[in-house]
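Participant: Read off the chains here:
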Amino acid sequence: MSNRKSRPGVSESATAMAAVAKTMPPFEDHSQQEKHYTTCYMCACRCGIEVTVENNQVRFIRGNPNHPVNQGVLCAKGNAGIMKQNSPAKLRKPLMRKPGTERGAGEFVEVEWDDALALLTERLRHIRETDPKKLAFFTGRDQMQALTGLWAQQFGTINWAAHGGFCSVNMAAAGLYTIGQSFWEFGDPDWERTKYFMLWGVAEDHASNPIKLGIEKIKKRGAKFVAVNPVRTGYQAVADEWVPIKPGTDAMLALSMCHVLLSRDLIDWGFLGRYTNAPFLVIDHPGHSDNGLIARDADGNPLVWDQGKGAPTNGMMPGAEASLFGDYTLPDGRQTKTVMSLIAEQYLDERYAPEKAAEVCGLDADTIERLALEMAHVAFRETIEIECEWTDWAGRNHDRFIGRPVSMHAMRGISAHSNGFQTCRALHLLQVFLGTIDVPGGHRAKAPFPRHIPPPVKPAREMAPNTPLKSPPLGFPTAPEDLVVDDQGKPLRIDKAYSWEAPIANHGLMHMVITNAVNGDPYPIDTLILFMANMAWNSTMNTSQVRDMLREKDDNGDYKLPFLVVVDAFHSETVNFADLVLPDTTYLERYDTISMLDRPISEPDSACDAIRSPVLTPDRDVRAWQEVMVDLAGRLGFPAFVDDDGKPKYKGYTDFIARWEKAPGIGFLAGWRGKAGDKPMRGEPNEKQWDKYIEHQGFFQHHLPEHMRFYRHVNKDYLAWAKEVGFNASEAPIIMELYSEVLQKFRLAGQGLYDGPLPPDEIDKARLVKYFDPLPHYYQPLEEQRIDPQMYPFHAINQRPMHMYHSWDSQNAWLRQITAQNFLFMNRARGESLGIADESWVWVESHNGRVRVQVKLMEGCQADTVWTWNAIGKQSGAWGLDKDAPEARKGFLMNHLISELLPKMDGNDDDERRLTNSDPITGQAAWYDLKVKITPASADEAGTSWPQFDTLQPLPGARPSPDQLRYSTHEPVRLKRSLMDIIMRRS
Amino acid sequence: MHPAVSVILFTVSSGAGFGLILMTIALSLMGWVPGMGPGQTLVAIFTGSVLATIGLLSSTAHLANPKNAWRAFFRFRSSWLSREGIFAVLFYPVILVYMIGLWLARDSGSLPWWGLLSGLVASLLALATVFCTGMIYASLRTIPQWNSALVPANYLLLAISSGTVILTLIAALQGIELTVLSGLSLVLLVIAGLAKLLYYIWIGKPQGPTLNTAMGITRAKIKILESGQSSRSFLNKEFSNQVPAKTVKRMRWMVYLVGFVIPAVLMLVVFQTSLTVLPLLAVLLLLAGLAIERWLFFVEARHVVNVFYGQ
Amino acid sequence: MKLGLVIDLDTCVGCHACVVSCKQWNTSGTLGALTDYDPYGKEPNGVAFNRVRSYEVDEYPNNKTVNMPMSCMHCETAECVTVCPTGASFKREEDGIVLVDQDKCMGCNLCSWACPYGARELDQASGTMKKCTLCVDRIYDMELSEAERQPACVLTCPTRARHFGDFDDPDSNVSVLVRERNGLQSMPELGYNPVNHYLPPRPKPNAPIHDGGQLEPLTDRFKKWLNKVVVR
Ligand SMILES: Nc1nc2c(c(=O)[nH]1)N[C@H]1C(S)=C(S)[C@@H](COP(=O)(O)OP(=O)(O)OC[C@H]3O[C@@H](n4cnc5c(=O)[nH]c(N)nc54)[C@H](O)[C@@H]3O)O[C@H]1N2
Ligand SMILES: Nc1nc2c(c(=O)[nH]1)N[C@H]1C(S)=C(S)[C@@H](COP(=O)(O)OP(=O)(O)OC[C@H]3O[C@@H](n4cnc5c(=O)[nH]c(N)nc54)[C@H](O)[C@@H]3O)O[C@H]1N2
Ligand code: SF4
Ligand code: SF4
Ligand code: SF4
Ligand code: SF4
Ligand code: SF4
Ligand SMILES: [Mo]
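Protein chains in written order, with my numbering: chain A, 1 to 987; chain B, 1 to 311; chain C, 1 to 232.
Rather than coming from a laboratory, the hints here were simulated on the basis of the structure. Computed from a prediction, not measured in an experiment: that's the story for all the values here. Be careful, since some hints might not be right.
[To be verified] With a Cα cut of at most 25 angstroms, we get these calculated DMTMM-like pairs of lysine to aspartate or glutamate:
(1) A:Lys976 x C:Glu76
(2) A:Lys490 x A:Asp554
(3) A:Lys716 x A:Asp392
(4) C:Lys91 x A:Asp981
(5) C:Lys223 x A:Asp349
(6) A:Lys976 x C:Glu143
(7) A:Lys883 x A:Glu941
Can you build the whole structure from these sequences, using the hints too?
Facilitator: Shown next as structure tokens:
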């Protein structure tokens with residue numbers, strides 16, 4: 001009778017209910033209804049849904065109880081799918097900017113698909129034949145990067161990336177360069193077993209439903225839930241302890257906890273010694289090119305000091321008795337120190353003492369110490385064991401998995417700062433100290449993770465006309481040689497990813513594309529394709545000026561960004577700037593794959609993928625972008641998409657997905673492979689694969705045998721299987737890199753000591769030296785370093801509302817009833833001390849600009865922090881909304897205040913090179929480094945937000961938005977009360 | 001609470017109408033007012049019926065689905081609104097009989113027994129109707145400012161006093177001697193005014209549930225953070241009002257001045273001088289005062305739903 | 001039977017899933033359609049059976065945020081029913097569900113006045129009163145699997161904070177939860193005796209600290225550490 005397991009006695013009422021049911025009219029005519037199983041895309045969590053359709057309309061969307069991701073539950077967005085399908089903002093037909101009108105004026109004409117695609121093909125063909133990098137293809141909140149990336153690779157442009165660069169590359173990169181897996185959506189706390197859970201900087205995240213399901217589990221179990229966050233809403237509301245940290249200082253907190261653990265010797269030495277590079281010897285040779293590198297034998301194996309032999313030995317040799325601490329001299333006379341010694345020296349230093357950290361983080365020292373000791377208690381005194389035979393990488397058998405049930409999760413509160421990469425590494429260090437990576441109760445990887453550190457894919461650099469790239473545009477550099485720069489060290493990519501300014505920019509820097517392209521820095525481009533990205537609004541920094549850039553012309557009167565293609569499903573702010581608009585389907589109208597080659601939906605215990613299949617037929621002239629991409633690939637003759645005669649090889653998207661292979665037997669979908677559909681994970685293409693998915697409720701789940709569920713970084717059977725199914729290139733164990741030699745190589749380059757490419761520019765040298773510490777460290781976020789804290793006393797951050805997805809849910813009639821205006825929240829006592837009243841209007845000003853907003857005072861906000869819900873503010877007239885909708889007139893975007901470039905250094909001259917406002921290591925956009933000041937607005941300014949923009953015109957063919965909705969799919973069957981009952985009964 | 005014009009009009013007008021009828025019948029039965037024969041009584045009763053009818057009709061204006069209004073007569077057992085409706089409807093045939101009696105008696109001057117009886121019954125029904133109106137409000141535990149015996153008492157007293165003042169006007173128009181009526185009006189106005197004062201004092205003290213009892217958390221102060229809705233919903237439109245406290249205070253003075261003090265003074269003057277224009281002025285002011293009183297009755301009522309909105 | 005909900009304030013994160021799920025089920029349900037006014041305009045609002053509000057208890061830094069969903073409590077002393085002049089409002093004898101007969105309601109609002117919990121909302125388009133039906137059209141639909149015969153809001157809740165069951169049955173999940181977790185009623189002093197109960201936030205779990213790790217002078221520590229060996 002509830003979603004709990006039924007208890008004894010419940011059947012009694014079940015019988016009673018069955019009896020009453022007999023007296024009920026049939027409310028639903030099930031014979032008129034059909035149930036379809038597909039995958040939600042109201043956000044990127046990708047839950048399984050059951051869609052009941054009646055009269056070609058959606059009756060009800062329910063979570064699929066069998067689906068591994070959401071286990072039957074659905075969030076507010078997922079529940080509002082009907083109103084997305086019903087949105088008046090849906091695009092209806094391809095559009096072209098009306099000839100003779102200005103870009104951004106919003107005047108369009110409808111065109112036929114054939115004409116639109118012919119035009120686009122010609123333009124792209126020319127670019128591909130001449131200079132492929134003149135096409136930049138960037139995708140926002142998509143989840144089909146494997147396909148778009150392949151397309152770009154086949155086109156031959158390195159200028160491709162998805163949203164990861166402005167989203168959370170810090171989390172992915174820090175994880176993949178440290179533990180071989182990560183937070184974000186690539187690992188999960190062991191919800192079933194953990195006894196202590198610490199959540200760092202998460203308001204909602206991609207694992208939206210799984211985190212909620214997990215929190216309930218741990219709370220029911222009586223585990224402790226600690227939330228580190230400047231704001232107390234949402235998940236933090238139900239946390240057992242709230243740690244109101246000052247934004248941007250988490251590395252200090254984590255490393256101070258490491259200090260506490262070290263100073264009390266509460267460390268999982270076995271875990272550290274066996275599975276990490278803690279015992280590796282680091283060369284101590286100041287001023288030389290090998291300084292700080294790992295000492296290696298002739299075959300390149302890392303050396304450890306073998307205590308038994310009293311000599312250095314191959315650290316990857318099973319049985320080596322490795323010393324964890326100490327200074328040792330190599331036979332060639334070079335001095336070394338173990339990584340662990342370096343770690344102890346660095347973190348036992350007073351600067352990481354709780355008293356010091358407390359000042360930086362705005363917390364008290366006792367709390368920091370207590371939290372560390374609470375975790376130590378759980379890790380070491382509440383250890384769990386799972387009896388199960390497994391074999392480690394060296395072939396040694398074990399009869400149990402030891403688990404230290406402390407787990408963590410972290411996201412953009414960590415990643416959206418310019419010290420996020422090192423902060424996230426600090427969290428991983430803390431996890432490793434406690435021995436909690438991929439162990440029962442700890443942080444568990446999800447297939448295809450763990451991967452080798454880092455995964456062996458290098459970003460493409462070389463390009464040639466009409467030629468696919470040899471490797472994908474994005475990859476994992478391990479040394480300065482891997483940078484995508486020219487011989488002078490200048491960036492080759494339009495977003496300057498993998499340049500000296502952002503060497504490990506694994507996901508690109510989408511937030512820089514428009515600025516760089518318009519400035520012709522490093523070069524001008526011809527065409528920008530934006531798919532699923534609202535870059536003229538909420539996903540860009542510095543929105544007002546970026547919008548101006550899109551309209552900027554050169555001396556000839558030509559647009560500096562000559563051609564902008566926007567692929568969207570709705571009338572967004574960015575659509576308005578397009579030269580060509582290609583209208584997409586909605587998620588209920590198309591085929592799609594949620595692939596393990598991409599951002600997987602796997603679970604710790606199972607490898608999973610899924611599909612979408614159409615539930616409704618579109619009532620407009622729209623095409624799925626997937627189909628269009630395959631079509632374009634055929635027209636342009638991409639080698640992977642045409643046969644020997646140059647004719648398109650695939651009938652369309654589904655055909656492509658079923659037949660294309662990345663490597664023999666490996667394709668986008670892992671389920672029901674093999675001719676007979678009997679091979680999971682790897683096997684020949686299967687013509688009936690889509691049918692199989694549809695038959696199996698749209699998803700595939702391959703359960704790992706129990707002995708392959710933990711310690712996968714060193715689990716022999718798992719590693720062998722992972723190679724077999726194509727996750728990893730080798731079976732070698734995955735040794736966690738607490739000390740990052742990769743970072744050290746870049747630091748050496750900064751010092752001018754590296755044997756290889758060196759940065760030409762002084763600014764880059766200094767940054768490499770300062771930030772590329774091979775051990776995680778805390779430094780003040782970059783914008784803060786350049787901003788006067790007296791002048792801009794507040795940190796300004798955002799949170800995701802649980803019921804809204806970025807910009808795209810304001811068109812949703814049900815969701816905007818919950819939030820149609822965002823406020824600036826601030827600490828009540830602090831606000832009152834500044835004479836700011838609840839619900840009054842204020843100016844918020846940063847070094848980059850100002851906005852006028854309405855304030856709400858609250859208790860649960862760190863006193864130096866202000867925040868707002870992300871992406872609620874809209875341009876008047878967009879998204880099918882009334883021109884005076886609160887989203888446009890009262891809501892606001894924080895983005896106007898955030899610059900894509902760092903403020904100039906005080907007193908520096910004008911031609912100082914402007915640096916991106918990003919993490920200096922990964923290029924991750926530093927949204928949350930923002931510092932602001934707040935002053936009351938005058939009485940006549942109150943009431944509307946500022947800036948305001950022109951009202952967008954309705955698109956040709958747009959349907960007017962109704963004044964009232966009475967959605968339903970059938971006439972209601974009413975329950976009646978008899979007149980007798982009315983007269984006779986008192987209640 | 002949201003002060004709906006139709007409800008204000010309804011309670012004031014039907015209250016005055018029933019009050020007028022009640023007092024007319026009572027006084028004429030007692031024969032206290034010299035010069036008020038059946039003919040004159042008939043005029044007063046007719047006026048009262050018109051007022052009551054205007055009120056009742058306007059009450060249906062606030063129904064969102066008036067086509068089902070007839071169904072309101074089936075829940076006599078539990079619903080004060082149903083009871084009010086039933087009494088009001090029963091009132092009409094009875095008052096008609098009474099009016100026929102008066103009509104027949106206009107020459108003879110003496111009512112037949114059934115006229116007398118119907119008068120008695122009609123006045124009881126009028127009394128009951130007004131009492132039910134009061135009880136509709138008084139029975140709501142959700143609105144502490146209404147949930148009191150003072151409410152039906154107020155409704156009754158205001159009905160009777162306004163009815164008496166109107167009767168004074170009718171008498172004045174018909175040239176009847178006004179001493180008794182104006183004196184009675186004066187006394188009733190003072191009593192009703194005092195009762196209202198008592199009511200205002202009573203609602204002055206904070207009462208009713210709080211967020212603490214709503215959430216079962218007693219240890220600390222609770223404030224609303226987010227209401228979960230971007231604009232005002234039915235709940236806010238129906239149960240809250242945005243009238244500033246200052247206005248409310250000012251309106252209370254208005255009620256006293258316009259609704260009680262001036263009419264009472266006027267009645268005092270009438271009592272001493274029998275000036276006929278003054279009752280008209282008194283009636284107009286009194287009705288305006290009562291409209292404000294009724295408006296305040298709603299505006300000052302704080303439905304517990306507001307607690308959930310932190311108000 | 002005495003059917004109703006138990007809502008766990010200890011896990012509710014205020015995500016509004018139950019709000020929207022209720023809306024999407026019921027707009028085509030027995031009391032549907034549930035009208036939305038000005039859906040794309042200045043004041044978007046509409047008929048809702050279930051609303052979630054967030055509160056802050058105490059002051060910074062001792063503050064705690066609590067989210068509180070509210071729908072009809074299917075009160076035992078349902079004054080909303082007694083005040084209704086038409087009899088459109090009724091409490092079912094079989095299961096205690098409080099409903100409004102849409103064909104009999106005259107839209108006088110009195111029942112909504114009588115409801116302390118804001119559970120009733122007038123639908124301007126139909127002119128009738130609407131409220132939570134406890135998903136009577138799901139829970140008795142024998143064509144649905146037993147697991148599905150639950151209110152939409154209960155099925156969807158991602159933190160499993162909502163539970164549906166029979167309070168008359170002392171062994172039912174809801175009765176057990178109320179007993180074990182000291183479930184409470186909202187505004188009990190009003191005497192409506194709401195069937196729905198709330199589970200208060202759990203007391204903080206006991207989190208002992210590791211007392212073994214003794215501080216010792218670093219030099220001693222390092223000496224010991226020097227001999228730390230791990231077999232690879
Ligand atoms: N409902 C919904 N779900 C979404 C999205 C959405 O728009 N709506 N967007 C999706 C996307 S693209 C992403 S990237 C994820 C992001 O998911 P989250 O990581 O949850 O992203 P944010 O909402 O930005 O939350 C950041 C949190 O960190 C806190 N914070 C800010 N600075 C700091 C800091 O310095 N330290 C600490 N400890 N905390 C800090 C903020 O208060 C906030 O609670 O969510 C995804 N899921
Ligand atoms: N101030 C501030 N800004 C931020 C953030 C922040 O925390 N603070 N977060 C950043 C982060 S992490 C991210 S990921 C970005 C997200 O920013 P974006 O990637 O721009 O995400 P959205 O605004 O959700 O939507 C992108 C576009 O996708 C379109 N769309 C929706 N469904 C479909 C579909 O089915 N097909 C197609 N073709 N298009 C569709 C929408 O209409 C919309 O125009 O925002 C970033 N911006
Ligand atoms: S979290 Fe919500 S919106 Fe996202 S996929 Fe799942 S149900 Fe859909
Ligand atoms: S769905 Fe559950 S967690 Fe979300 S608001 Fe409703 S009760 Fe709370
Ligand atoms: S919550 Fe309100 S509507 Fe529901 S039964 Fe109780 S009084 Fe009636
Ligand atoms: S609004 Fe309808 S249900 Fe409510 S009291 Fe009036 S008639 Fe009854
Ligand atoms: S039980 Fe059904 S009608 Fe009631 S709140 Fe939940 S979903 Fe809505
Ligand atoms: Mo993101």
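Participant: Does the structure keep A:Lys490 and A:Asp554 at a Cα separation of 25 angstroms or less?
Facilitator: At roughly 24 angstroms apart (the allowed maximum being 25 angstroms), A:Asp554 and A:Lys490 satisfy the hint.
Participant: Taking only the CA atoms, is the gap from A:Lys976 to C:Glu76 under or equal to 25 angstroms?
Facilitator: holds (20 angstroms)
Participant: Below or equal to 25 angstroms on CA atoms is what counts here, so check A:Lys716 against A:Asp392.
Facilitator: Roughly 5 angstroms between the alpha carbons, so the hint for A:Lys716 and A:Asp392 holds.
Participant: When you check the alpha-carbon spacing of A:Lys883 and A:Glu941, does it fall within 25 angstroms?
Facilitator: holds (19 angstroms)
Participant: Is C:Lys91 close enough to A:Asp981, meaning Cα to Cα at most 25 angstroms?
Facilitator: Holds. C:Lys91 to A:Asp981 sits at ~11 angstroms (cutoff 25 angstroms).
Participant: Are A:Lys976 and C:Glu143 close enough, with their CA atoms no more than 25 angstroms apart?
Facilitator: holds (21 angstroms)
Participant: Quickly compare the C-alpha distance for C:Lys223 and A:Asp349 to 25 angstroms and report which way the hint goes.
Facilitator: The given pair, whose Cα atoms are some 17 angstroms apart, holds under the 25 angstroms limit.
The structure shown violates none of the earlier numbered hints.
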